[in-house]
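Listed below, chain by chain, are the residues.
2 protein chains.
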Amino acid sequence: MTIKDIAESCGVSISTVSRVLNNHPDVSPKVRQKVLDAAQKAHYVPNNSARDLVKSRSEGIGLIVRGVGNPFFTQIIHAIERAIDAAGYTLVLHQISTDDDEIMAGASLARSKKLRGLIFLGGKGDYQSSDIAILDVPFVCCTYTVRFTPLARESYSSVAIDDKMEGYRATRFLLEKGHRKIGVLINSKHDRSIGELRYMGYCEALAEMGIPLDETLVEEAGSFTLPAAYEATCRLLERRGDITAVFAIADSMAVAAAKALHDKGRCMPEDCSVIAIDGLEMSSYFVPVLTTMAQPQTELGTTAVKTLVDMIEGRAGNRHILLPATLRTGGSVRSI
Amino acid sequence: MTIKDIAESCGVSISTVSRVLNNHPDVSPKVRQKVLDAAQKAHYVPNNSARDLVKSRSEGIGLIVRGVGNPFFTQIIHAIERAIDAAGYTLVLHQISTDDDEIMAGASLARSKKLRGLIFLGGKGDYQSSDIAILDVPFVCCTYTVRFTPLARESYSSVAIDDKMEGYRATRFLLEKGHRKIGVLINSKHDRSIGELRYMGYCEALAEMGIPLDETLVEEAGSFTLPAAYEATCRLLERRGDITAVFAIADSMAVAAAKALHDKGRCMPEDCSVIAIDGLEMSSYFVPVLTTMAQPQTELGTTAVKTLVDMIEGRAGNRHILLPATLRTGGSVRSI
Numbered sequence: 000m001t002i003k004d005i006a007e008s009c010g011v012s013i014s015t016v017s018r019v020l021n022n023h024p025d026v027s028p029k030v031r032q033k034v035l036d037a038a039q040k041a042h043y044v045p046n047n048s049a050r051d052l053v054k055s056r057s058e059g060i061g062l063i064v065r066g067v068g069n070p071f072f073t074q075i076i077h078a079i080e081r082a083i084d085a086a087g088y089t090l091v092l093h094q095i096s097t098d099d100d101e102i103m104a105g106a107s108l109a110r111s112k113k114l115r116g117l118i119f120l121g122g123k124g125d126y127q128s129s130d131i132a133i134l135d136v137p138f139v140c141c142t143y144t145v146r147f148t149p150l151a152r153e154s155y156s157s158v159a160i161d162d163k164m165e166g167y168r169a170t171r172f173l174l175e176k177g178h179r180k181i182g183v184l185i186n187s188k189h190d191r192s193i194g195e196l197r198y199m200g201y202c203e204a205l206a207e208m209g210i211p212l213d214e215t216l217v218e219e220a221g222s223f224t225l226p227a228a229y230e231a232t233c234r235l236l237e238r239r240g241d242i243t244a245v246f247a248i249a250d251s252m253a254v255a256a257a258k259a260l261h262d263k264g265r266c267m268p269e270d271c272s273v274i275a276i277d278g279l280e281m282s283s284y285f286v287p288v289l290t291t292m293a294q295p296q297t298e299l300g301t302t303a304v305k306t307l308v309d310m311i312e313g314r315a316g317n318r319h320i321l322l323p324a325t326l327r328t329g330g331s332v333r334s335i
Numbered sequence: 000m001t002i003k004d005i006a007e008s009c010g011v012s013i014s015t016v017s018r019v020l021n022n023h024p025d026v027s028p029k030v031r032q033k034v035l036d037a038a039q040k041a042h043y044v045p046n047n048s049a050r051d052l053v054k055s056r057s058e059g060i061g062l063i064v065r066g067v068g069n070p071f072f073t074q075i076i077h078a079i080e081r082a083i084d085a086a087g088y089t090l091v092l093h094q095i096s097t098d099d100d101e102i103m104a105g106a107s108l109a110r111s112k113k114l115r116g117l118i119f120l121g122g123k124g125d126y127q128s129s130d131i132a133i134l135d136v137p138f139v140c141c142t143y144t145v146r147f148t149p150l151a152r153e154s155y156s157s158v159a160i161d162d163k164m165e166g167y168r169a170t171r172f173l174l175e176k177g178h179r180k181i182g183v184l185i186n187s188k189h190d191r192s193i194g195e196l197r198y199m200g201y202c203e204a205l206a207e208m209g210i211p212l213d214e215t216l217v218e219e220a221g222s223f224t225l226p227a228a229y230e231a232t233c234r235l236l237e238r239r240g241d242i243t244a245v246f247a248i249a250d251s252m253a254v255a256a257a258k259a260l261h262d263k264g265r266c267m268p269e270d271c272s273v274i275a276i277d278g279l280e281m282s283s284y285f286v287p288v289l290t291t292m293a294q295p296q297t298e299l300g301t302t303a304v305k306t307l308v309d310m311i312e313g314r315a316g317n318r319h320i321l322l323p324a325t326l327r328t329g330g331s332v333r334s335i
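Chains Z and R, in that order, give the protein sequences. The opening residue of the first sequence carries number 0 in numbering that gives the first Met the number 0; numbering runs sequentially from there. The opening residue of the second sequence carries number 0 in numbering that gives the first Met the number 0; numbering runs sequentially from there.
Careful: at least some of the hints might be erroneous.
Since the list can't tell identical chains apart, any single copy or any two copies may satisfy a pair.
Stated by the list, open to error - The list that follows gives simulated cross-link-like pairs (lysine-lysine, DSS-like), each with its CA atoms no further than 25 Å apart:
| id | residue 1 | residue 2 |
| --- | --- | --- |
| 1 | K123 | K29 |
| 2 | K112 | K263 |
| 3 | K123 | K33 |
| 4 | K112 | K3 |
| 5 | K123 | K188 |
| 6 | K33 | K176 |
| 7 | K113 | K176 |
| 8 | K113 | K40 |
| 9 | K123 | K40 |
Note that these hints are calculated values from the structure, not bench results.
Using the sequences provided together with the hints, build the complete structure.
Take a look at the structure:
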């Protein structure tokens with residue numbers, strides 16, 4: 000059974016069958032259903048390998064995701080998927096684990112799938128020019144940018160929030176509410192990526208107010224996981240029972256911190272305020288709602304795709320776009 | 000630059016270079032680093048297309064995920080990934096949206112990537128034999144099974160919890176705590192899948208106790224999303240302010256239900272108890288911890304892979320495995 004047979008049995012043109020099977024929008028629902036029924040009845044399977052050969056280098060965009068289960072990525076992935084589809088390309092999703100090298104993975108995927116470009120979702124901020132030389136298609140770092148090495152700005156693109164600035168804003172918000180003993184919950188002070196940047200923002204906000212950095216207020220969880228953040232908060236509370244607020248650098252860490260506060264007999268926000276960065280949908284359903292610097296998740300995804308497609312289609316070169324986070328005021332912070 | 004060149008420059012064998020580049024474990028860390036450095040310096044990219052041709056039909060297993068951002072799938076995907084790797088196969092992950100046909104997507108992926116088998120994560124329980132005839136590789140339905148059509152049991156494999164039984168157990172738990180006016184929060188009474196099954200379990204538990212089904216206690220959210228579950232709970236509370244408990248068929252829905260209870264001036268569990276099914280990690284960090292029938296997420300993933308690999312390697316035919324959920328007792332249910 001070929002496309003031609005299906006077209007004949009439905010009394011439509013071959014191009015109509017092709018449009019239906021490739022999910023193009025310009026077919027009436029009635030005809031679409033007729034063609035799909037005929038294709039299913041005939042057990043027709045589109046031969047994508049053959050199609051890939053014909054359309055070589057014409058439509059695939061790779062999305063390399065570090066930690067596909069990260070709830071913060073959910074909405075961004077959906078936005079990227081929709082935007083890639085709307086731009087007429089096909090999404091090739093590839094997940095890597097925390098320790099994998101995203102550049103190697105991306106280069107390998109781009110070559111094997113003949114991709115036109117790559118989006119990296121989650122990654123390191125310390126690429127060297129020799130690292131990225133392996134990539135022979137345009138690429139966009141989404142949710143992070145390279146800040147820890149002198150990588151030429153024109154050699155890559157990025158779409159992210161200003162992590163240092165948002166760490167500053169979150170801390171500043173607590174300071175303006177009267178808090179002075181502010182614990183900070185981070186994955187690592189030296190991750191060469193978003194953790195280090197958000198922590199730098201914390202330090203900067205304190206310095207601006209003339210408050211010396213107190214290392215006993217800084218707790219490293221070692222990762223972004225809930226159990227690690229819970230244990231880290233317990234350590235922080237044991238060492239510094241006098242804190243009135245916590246800046247957790249991610250919503251997921253704040254969720255665990257709130258639980259640790261409760262288990263240690265402290266009410267949030269009465270005894271201790273909590274603020275975070277990210278803006279997970281689920282944390283807006285907490286009681287009290289988590290106050291957080293919400294990242295523009297959908298816009299991060301659509302802007303990353305637009306930036307990449309502009310390069311692929313020759314409309315623009317490498318660009319760096321910083322999008323602002325938005326303060327989502329919940330009930331987890333109080334004035335003192 | 001070829002593998003041979005890298006081997007010569009490092010003074011190791013070609014097979015050692017190959018093992019390093021394919022991430023095999025039996026290479027010393029020192030040699031591994033040396034080879035990786037040389038490969039990176041040379042901008043060497045493994046040509047997976049060529050490798051795929053050589054190893055045709057030898058190593059790919061496809062994972063079709065309906066809703067890759069579903070937090071419930073996170074741990075299962077990780078388990079599947081590890082198990083596929085340990086069995087010597089390569090994971091090919093493909094996400095589909097809620098409305099996509101997973102069978103068509105799987106058939107297309109299996110053909111284009113020359114896969115050895117497929118795992119469907121999330122799907123419908125009403126396949127016809129004509130639907131699955133399109134698949135020419137073994138496949139496993141993970142987290143669901145086909146209960147709504149008389150599909151021959153030997154024509155497919157499944158690894159799931161007994162959704163109806165767990166719905167029964169959750170409702171029964173509330174009944175044993177003295178609750179009689181139990182609202183049920185579902186996506187749809189007629190989704191031909193896990194929603195309908197869990198709802199059937201609710202009905203069965205009531206019937207067993209001689210309690211007639213009261214339709215005013217049943218609220219359909221239309222989906223599993225947080226906003227839909229929140230609105231549905233508000234409707235339920237407006238209609239039936241006298242309920243003392245809610246059975247939400249998914250943890251995510253229970254999170255939204257707890258928020259709706261709070262916003263309507265009710266305390267959980269003092270005024271209204273909540274129980275769910277799934278066992279998300281995050282819901283165990285709630286205050287109070289959500290009481291739920293926790294699915295064995297890691298075991299679901301590893302068992303799905305084992306079932307599939309046994310078929311691929313000729314050790315077994317199609318099988319159906321039901322794994323028990325475990326009651327995770329939190330603080331969201333009280334006795335009345």
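Tested hints:
1. Taking CA atoms no more than 25 Å apart as the test, K123 paired with K29 passes between copies only; the shortest distance there is 23 Å, against 49 Å inside one copy.
2. In this homomeric assembly, K112 and K263 never come within 25 Å of each other (Cα to Cα): the closest approach is 52 Å inside a single copy and 53 Å across copies.
3. In the homo-oligomer, the alpha carbons of K123 and K33 lie at most 25 Å apart only across protomers (22 Å), although the nearest pairing inside one protomer, at 49 Å, exceeds that limit.
4. For the homomeric pair K112 and K3, the shortest alpha-carbon distance between copies (24 Å) is at most 25 Å, but the shortest distance inside one copy (27 Å) is not.
5. Taking the shortest alpha-carbon separations for K123 and K188, only the intra-copy value of 14 Å comes in at or below 25 Å, while the best inter-copy value is 46 Å.
6. For the identical chains of this complex, K33 and K176 are neighbours neither inside a copy (63 Å) nor across copies (53 Å), given an alpha-carbon limit of 25 Å.
7. For the identical chains of this complex, K113 and K176 are neighbours neither inside a copy (53 Å) nor across copies (60 Å), given an alpha-carbon limit of 25 Å.
8. Taking the shortest alpha-carbon separations for K113 and K40, only the inter-copy value of 22 Å comes in at or below 25 Å, while the best intra-copy value is 32 Å.
9. In this homomeric assembly, K123 and K40 come within 25 Å of each other (Cα to Cα) only across copies, at 19 Å, whereas the closest approach inside a single copy is 49 Å.
This entry does not satisfy hints 2, 6, 7, going by the numbered hints stated previously.
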